[in-house]
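Engineer: Sequence order for the protein chains is B and C. To convert, note that position 92 of the first sequence is 91 in numbering that gives the first Met the number 0; the numbers rise steadily by one, no gaps. To convert, note that position 271 of the second sequence is 270 in numbering that gives the first Met the number 0; the numbers rise steadily by one, no gaps.
Honestly, the hints are just simulated from the structure, not real lab data. For clarity, every value in this text was computed on a predicted model and none was experimentally measured. Check the hints yourself; a few may be wrong.
[Said to hold, decoys possible] Taking CB as the label site, the calculated pair distances span: (1) C/V12 <-> B/G115: 43 to 49 Å; (2) B/A59 <-> C/R85: 38 to 44 Å; (3) C/A49 <-> B/V102: 38 to 44 Å; (4) C/V135 <-> B/T150: 32 to 38 Å; (5) B/G42 <-> C/G66: 54 to 60 Å; (6) B/T150 <-> C/K35: 17 to 23 Å; (7) C/D169 <-> B/Y249: 24 to 30 Å.
[To be verified] Covered stretches of chain C (chain B as the covering partner; in silico rule of three or more C-beta atoms under 8 Å from a C-beta of chain B): (8) 16-26; (9) 95-102.
Beta carbons are placed, not taken as given, at the ideal position from N, Cα and C, and that holds for glycine.
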Amino acid sequence: MPSPIRASASADAGPGVPRRFARQRGAMLGAGILAVLTVLALGAPWWSPRDPIRTATRDALKPPGASHLFGTDQFGRDVASRVIYGARISLTVGLVAVSIAVVLGAPLGLVSGFYGGRLDAVIMRVVDVLLAFPGILLALAIVSVLTPGLTNVMIAVGLAAVPTYARLMRAAALSAREFLYVEAARALGGRDLFILARYILPNVVAPLIVTATLGLGTAILSAAALSFLGLGSQPPAPEWGRMLSEGRDYLREAWWISTFPGLAIMLTVLAMNLLGDGLRDVLDPRVKT
Amino acid sequence: MLIWVLRRILAVVPVLFGVTLAVFSLLFLVPGDPVKMMLAEFVTNPEQVARMRAQLHLDEPVLVQYGRFVANALHGDLGTSIRTRRPVITEIGENVGSTAQLALASMLVAVAIGVPLGLLAALLRNSWLDVGSMVVALLGVSMPSFWLGLLLIFAFSLHLGWFPATGGGDLAHLVLPSITLGAIASAIIARLTRSSMLEVLGQDYVRTARAKGLAWWGVVVRHALKNALIPVITIFGLQFGNLLAGAVIVETVFSRPGLGRLIVGGILAKDFPLVQGSVLFVATAYVLINVLVDIAYAFADPRIRFG
Numbered sequence: 000m001p002s003p004i005r006a007s008a009s010a011d012a013g014p015g016v017p018r019r020f021a022r023q024r025g026a027m028l029g030a031g032i033l034a035v036l037t038v039l040a041l042g043a044p045w046w047s048p049r050d051p052i053r054t055a056t057r058d059a060l061k062p063p064g065a066s067h068l069f070g071t072d073q074f075g076r077d078v079a080s081r082v083i084y085g086a087r088i089s090l091t092v093g094l095v096a097v098s099i100a101v102v103l104g105a106p107l108g109l110v111s112g113f114y115g116g117r118l119d120a121v122i123m124r125v126v127d128v129l130l131a132f133p134g135i136l137l138a139l140a141i142v143s144v145l146t147p148g149l150t151n152v153m154i155a156v157g158l159a160a161v162p163t164y165a166r167l168m169r170a171a172a173l174s175a176r177e178f179l180y181v182e183a184a185r186a187l188g189g190r191d192l193f194i195l196a197r198y199i200l201p202n203v204v205a206p207l208i209v210t211a212t213l214g215l216g217t218a219i220l221s222a223a224a225l226s227f228l229g230l231g232s233q234p235p236a237p238e239w240g241r242m243l244s245e246g247r248d249y250l251r252e253a254w255w256i257s258t259f260p261g262l263a264i265m266l267t268v269l270a271m272n273l274l275g276d277g278l279r280d281v282l283d284p285r286v287k288t
Numbered sequence: 000m001l002i003w004v005l006r007r008i009l010a011v012v013p014v015l016f017g018v019t020l021a022v023f024s025l026l027f028l029v030p031g032d033p034v035k036m037m038l039a040e041f042v043t044n045p046e047q048v049a050r051m052r053a054q055l056h057l058d059e060p061v062l063v064q065y066g067r068f069v070a071n072a073l074h075g076d077l078g079t080s081i082r083t084r085r086p087v088i089t090e091i092g093e094n095v096g097s098t099a100q101l102a103l104a105s106m107l108v109a110v111a112i113g114v115p116l117g118l119l120a121a122l123l124r125n126s127w128l129d130v131g132s133m134v135v136a137l138l139g140v141s142m143p144s145f146w147l148g149l150l151l152i153f154a155f156s157l158h159l160g161w162f163p164a165t166g167g168g169d170l171a172h173l174v175l176p177s178i179t180l181g182a183i184a185s186a187i188i189a190r191l192t193r194s195s196m197l198e199v200l201g202q203d204y205v206r207t208a209r210a211k212g213l214a215w216w217g218v219v220v221r222h223a224l225k226n227a228l229i230p231v232i233t234i235f236g237l238q239f240g241n242l243l244a245g246a247v248i249v250e251t252v253f254s255r256p257g258l259g260r261l262i263v264g265g266i267l268a269k270d271f272p273l274v275q276g277s278v279l280f281v282a283t284a285y286v287l288i289n290v291l292v293d294i295a296y297a298f299a300d301p302r303i304r305f306g
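Whole structure, please, built from the sequences with the hints as guidance.
Structural biologist: Here it is in structure tokens:
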């Protein structure tokens with residue numbers, strides 16, 4: 000199976016990278032969607048027509064129209080405003096979760112691959128055990144002890160992704176440490192930390208960026224799923240997964256309550272996937288599909 | 000070969016021990032006192048707390064607790080549910096069939112859609128069919144399963160009335176959940192099948208077969224297909240795990256009985272023994288299935304066995 004691991008120094012491939020990236024239509028589309036979402040999320044108070052939390056019972060279950068672009072929910076809250084504010088939550092959750100995973104997983108993997116030996120064996124056995132919990136199950140198990148809530152969902156989703164980055168970085172470090180210039184640096188008496196930072200790290204940045212971009216999408220999806228299950232954000236926060244589960248009871252009379260947050264999740268994850276795939280094609284010429 | 004299989008099976012033992020350790024230590028990650036947290040909703044007097052602690056053996060040294068946990072688990076005793084006061088293994092037994100059914104049916108859907116789609120896309124590379132199916136596959140990987148489930152309920156049960164929206168039991172109840180879960184997995188399988196097939200089609204032996212005058216379809220069926228599907232087998236084990244985990248969500252969407260709903264219900268009710276037991280069960284099943292897939296893979300590809 001083709002692995003996203005790069006062996007040579009591609010992170011500094013020069014001016015070619017931006018231009019090659021610009022030629023990737025899918026990736027540009029992904030970046031565009033992401034830019035719009037970020038602007039929406041940052042300026043949510045300005046863009047959203049109404050307060051996302053304030054209820055207005057007489058406006059309940061209004062279909063999409065001129066006064067409410069995406070309609071209103073069972074409490075008369077404006078769905079469009081809630082979707083816009085939801086972008087804030089989902090993007091934050093994704094970023095925090097992936098940061099946790101990278102900050103914990105990447106050093107573990109780097110050290111494991113660089114030093115090898117017993118340390119490597121121990122770290123990898125732990126990673127093996129964590130990988131025995133498929134998909135969202137590990138995050139579920141972690142949330143179960145931390146008690147439901149948005150903060151704990153970020154922690155759970157982040158921790159659950161640690162093995163992915165540990166493995167990725169280990170493989171990258173393993174191949175990088177065999178390079179002649181690493182050997183040369185070592186022969187010249189370079190310290191481990193210096194070699195890791197100066198020679199190994201630049202080599203492993205490219206796969207890390209690709210995996211983290213794709214991981215953002217996965218993290219947002221998992222977090223929304225946990226909220227959908229009632230284990231994440233608590234009402235009345237306008238979280239997309241939560242909105243979907245609330246709209247589930249009104250599917251027959253008000254399809255719009257669940258449809259727009261669903262579209263929002265899909266669009267966001269799609270953007271991350273397009274961007275990640277594009278970055279991989281640009282940063283890693285070996286894997287061409 | 001037999002030795003290879005035995006070695007592969009033995010390699011699982013430490014992983015499974017690690018899994019029991021991870022599940023066991025979950026209880027110690029609880030901020031504060033797990034017993035107080037579990038009892039929070041009920042009246043709590045010190046006597047009750049002490050009784051529960053004794054009942055869960057939390058008053059013993061940690062190592063003894065862990066030893067008991069593993070020994071009991073090996074005997075099929077996963078503890079007692081706090082909420083229903085029934086053995087956890089009984090609760091699992093009542094729900095495992097429904098989840099297994101869902102996972103198998105979803106796998107069937109995933110393969111039936113994913114493999115042909117991926118093969119066609121590879122064979123007709125850059126055609127509208129290739130581009131179209133890969134766009135659909137990309138949408139599929141980005142789609143939240145809980146939303147797809149709601150859309151299917153909206154269309155096929157609320158509007159057309161073809162299938163029931165919720166519940167479990169007969170075949171009609173299986174259709175929408177397995178399509179929901181299978182469609183998402185099929186997107187991943189289609190993408191993998193396509194890239195694997197493209198790689199094989201570029202190999203020397205395919206060119207040679209073509210060069211010696213074999214018909215295109217003959218080459219595809221006799222030479223390419225077999226080799227292209229080998230990596231697809233490995234993804235089965237992985238996907239099966241994803242299906243097990245995805246069942247958690249899909250069972251909730253369709254209010255279908257199963258292990259997933261058992262776990263979510265257990266978390267919401269702070270029924271720790273139930274959560275621990277079912278998580279341990281699912282993880283063990285996943286690890287064992289992966290071993291079986293690995294062995295099947297080795298039979299399909301001699302390079303793995305002897306490499």
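Engineer: Going back to the hint list, which numbers does this structure go against?
Structural biologist: Of the numbered hints given earlier, those the structure breaks are 1 and 9, listed in rising order.
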